[in-house]
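In case you want the letters, here they are:
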Amino acid sequence: MSHSKFELKQLFSSTLGIPSELVTDELAYNADPRWDSTAHLQLVMAIENTFGITLEMDDMLDMSSVAKAAEILKKYGVVWN
Amino acid sequence: MSTTEQKLSGFNSLALDWLRTPSFQLVEMQEEALERVLLWRNSPEIRLQMVDDQPISMASHLAWFEKQKRCDKQIHFVVKHQKAPVGISNLRCLGDGTLAEATELEVGLYYGDAKLRGSLLAFAPALMTINFCFKGLGAKRLFARVKASNLSALRFNKTLGYEIVKNGPLIQMDLTECRFDEASRPLCRLLKV
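As given, the protein sequences belong to chains A and B, one line each in that order. Once you know that position 77 of the first sequence is 76 in numbering that gives the first Met the number 0, the rest is easy, because the numbers rise by one and skip nothing. Once you know that position 144 of the second sequence is 143 in numbering that gives the first Met the number 0, the rest is easy, because the numbers rise by one and skip nothing.
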């Protein structure tokens with residue numbers, strides 16, 4: 000399944016309520032007050048729904064930045080174009 | 000057995016099962032935890048969210064602990080993750096009766112461990128505490144008080160099914176078992192609680 004990084008960043012933007020121009024690869028968990036435990040939960044559920052996958056707990060917890068999320072999703076067969 | 004340990008001695012083992020998962024345990028607060036708990040309680044980030052946000056002396060803390068040990072209307076748990084203390088969960092029964100008889104309880108939870116505070120795992124002890132109240136103690140309604148400025152806690156509680164019942168500088172929220180079961184389903188699936 001092929002997806003664009005733009006799509007991933009849009010998902011972060013809409014789920015975390017952070018303007019898309021501020022969603023960079025470096026955006027990190029807990030570095031922005033809007034990305035807290037509740038937002039992280041919503042993000043995990045949105046990622047699972049969007050990409051049709053079920054994340055392992057370690058991967059959910061390890062999803063600490065946009066770049067890390069993109070890297071983790073590769074393990075689940077997501078290809079970035 | 001200390002007086003504090005006796006608080007849970009009246010509950011059957013099925014009720015107490017809600018206080019344990021492979022990763023987390025809620026254990027009754029004992030003397031040996033007091034120093035650590037005071038450090039957490041006096042840290043600026045925790046005090047900021049407390050109704051009484053003034054620093055607490057060790058003498059006051061000890062006096063509070065002795066008093067609550069003898070009180071059968073409340074209990075304080077130390078939240079342990081992988082056996083390490085990470086926070087506090089507490090229950091206080093509202094109205095007449097003891098904790099064991101209560102139908103309405105006020106629930107509180109905070110994490111001294113900053114890493115856990117912002118983590119997805121922060122939901123697990125909340126789920127355990129609430130399940131213990133509803134399924135273990137047979138409570139009908141839970142309450143929480145959250146400072147209006149604490150947006151993160153308000154969202155956290157809403158995710159668990161809490162609804163606002165009174166607005167103001169200190170927001171009052173309530174939770175029924177039905178709302179909790181519905182709201183917590185995705186959380187339980189993710190966290191395997």
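FYI, nobody ran anything at the bench for these hints, they're computed from the structure. It should be emphasised that the depicted structure is a prediction, and the values quoted were computed from it without experimental measurement. Possibly wrong hints are sitting among the right ones.
In silico lysine-lysine, BS3-like type, Cα no more than 30 angstroms apart, as pairs [claimed, not checked]:
{"hint": "1", "chain 1": "B", "residue 1": "K82", "chain 2": "B", "residue 2": "K165"}
{"hint": "2", "chain 1": "A", "residue 1": "K67", "chain 2": "B", "residue 2": "K157"}
{"hint": "3", "chain 1": "B", "residue 1": "K134", "chain 2": "B", "residue 2": "K66"}
{"hint": "4", "chain 1": "A", "residue 1": "K67", "chain 2": "B", "residue 2": "K146"}
{"hint": "5", "chain 1": "B", "residue 1": "K72", "chain 2": "B", "residue 2": "K82"}
{"hint": "6", "chain 1": "A", "residue 1": "K73", "chain 2": "B", "residue 2": "K82"}
{"hint": "7", "chain 1": "B", "residue 1": "K66", "chain 2": "A", "residue 2": "K67"}
{"hint": "8", "chain 1": "A", "residue 1": "K4", "chain 2": "B", "residue 2": "K114"}
{"hint": "9", "chain 1": "B", "residue 1": "K79", "chain 2": "B", "residue 2": "K146"}
{"hint": "10", "chain 1": "B", "residue 1": "K134", "chain 2": "A", "residue 2": "K74"}
{"hint": "11", "chain 1": "B", "residue 1": "K82", "chain 2": "B", "residue 2": "K157"}
{"hint": "12", "chain 1": "B", "residue 1": "K114", "chain 2": "B", "residue 2": "K79"}
{"hint": "13", "chain 1": "B", "residue 1": "K82", "chain 2": "B", "residue 2": "K114"}
{"hint": "14", "chain 1": "A", "residue 1": "K74", "chain 2": "B", "residue 2": "K191"}
{"hint": "15", "chain 1": "A", "residue 1": "K67", "chain 2": "B", "residue 2": "K79"}
{"hint": "16", "chain 1": "B", "residue 1": "K114", "chain 2": "A", "residue 2": "K67"}
{"hint": "17", "chain 1": "B", "residue 1": "K146", "chain 2": "B", "residue 2": "K72"}
{"hint": "18", "chain 1": "B", "residue 1": "K79", "chain 2": "A", "residue 2": "K73"}
Hints, verified against the model:
Our distance criterion of 30 angstroms between C-alpha atoms is broken by K82(B) and K165(B), whose separation comes to about 37 angstroms. Restraint check for K67(A) and K157(B): the C-alpha separation of about 28 angstroms stays at or below 30 angstroms, so the hint holds. Taken as a hint, the K134(B) and K66(B) pair is honoured in the structure, with Cα atoms around 28 angstroms apart against an allowance of 30 angstroms. As the CA atoms of K67(A) and K146(B) are separated by approximately 33 angstroms, the hinted pair breaks the 30 angstroms bound.
For the hint linking K72(B) to K82(B), the alpha-carbon distance of about 27 angstroms falls within 30 angstroms, and the restraint holds. With a CA separation close to 33 angstroms, the supplied pair K73(A) and K82(B) exceeds the 30 angstroms bound. Restraint check for K66(B) and K67(A): not satisfied, since their Cα atoms lie roughly 48 angstroms apart, outside the 30 angstroms limit. Distance check on the hinted pair: K4(A) and K114(B) sit about 28 angstroms apart at the alpha-carbon level, within 30 angstroms; holds.
Note on K79(B) and K146(B): the hinted pairing holds, with a Cα-Cα distance of about 25 angstroms set against a maximum of 30 angstroms. For the proposed pair K134(B) and K74(A), the alpha carbon gap of about 38 angstroms is over 30 angstroms, so the pair is violated. This hinted pair checks out: K82(B) and K157(B) have alpha carbons roughly 28 angstroms apart, not beyond 30 angstroms. Only pairs whose Cα atoms come within 30 angstroms are accepted, and K114(B) paired with K79(B) is accepted, the gap being roughly 13 angstroms.
A threshold of 30 angstroms between alpha carbons decides the hint, and for K82(B) with K114(B) the separation of about 15 angstroms falls inside it, so the pair holds. As the CA atoms of K74(A) and K191(B) are separated by approximately 21 angstroms, the hinted pair is consistent with the 30 angstroms bound. At roughly 28 angstroms between alpha-carbon atoms, K67(A) and K79(B) fall within 30 angstroms of each other, so this suggested pair holds. About 18 angstroms separates the Cα atoms of K114(B) and K67(A), which keeps this hinted pair within 30 angstroms; it holds.
Only pairs whose Cα atoms come within 30 angstroms are accepted, and K146(B) paired with K72(B) is accepted, the gap being roughly 23 angstroms. The suggested pairing of K79(B) with K73(A) is violated, with an alpha-carbon distance near 33 angstroms, which exceeds 30 angstroms.
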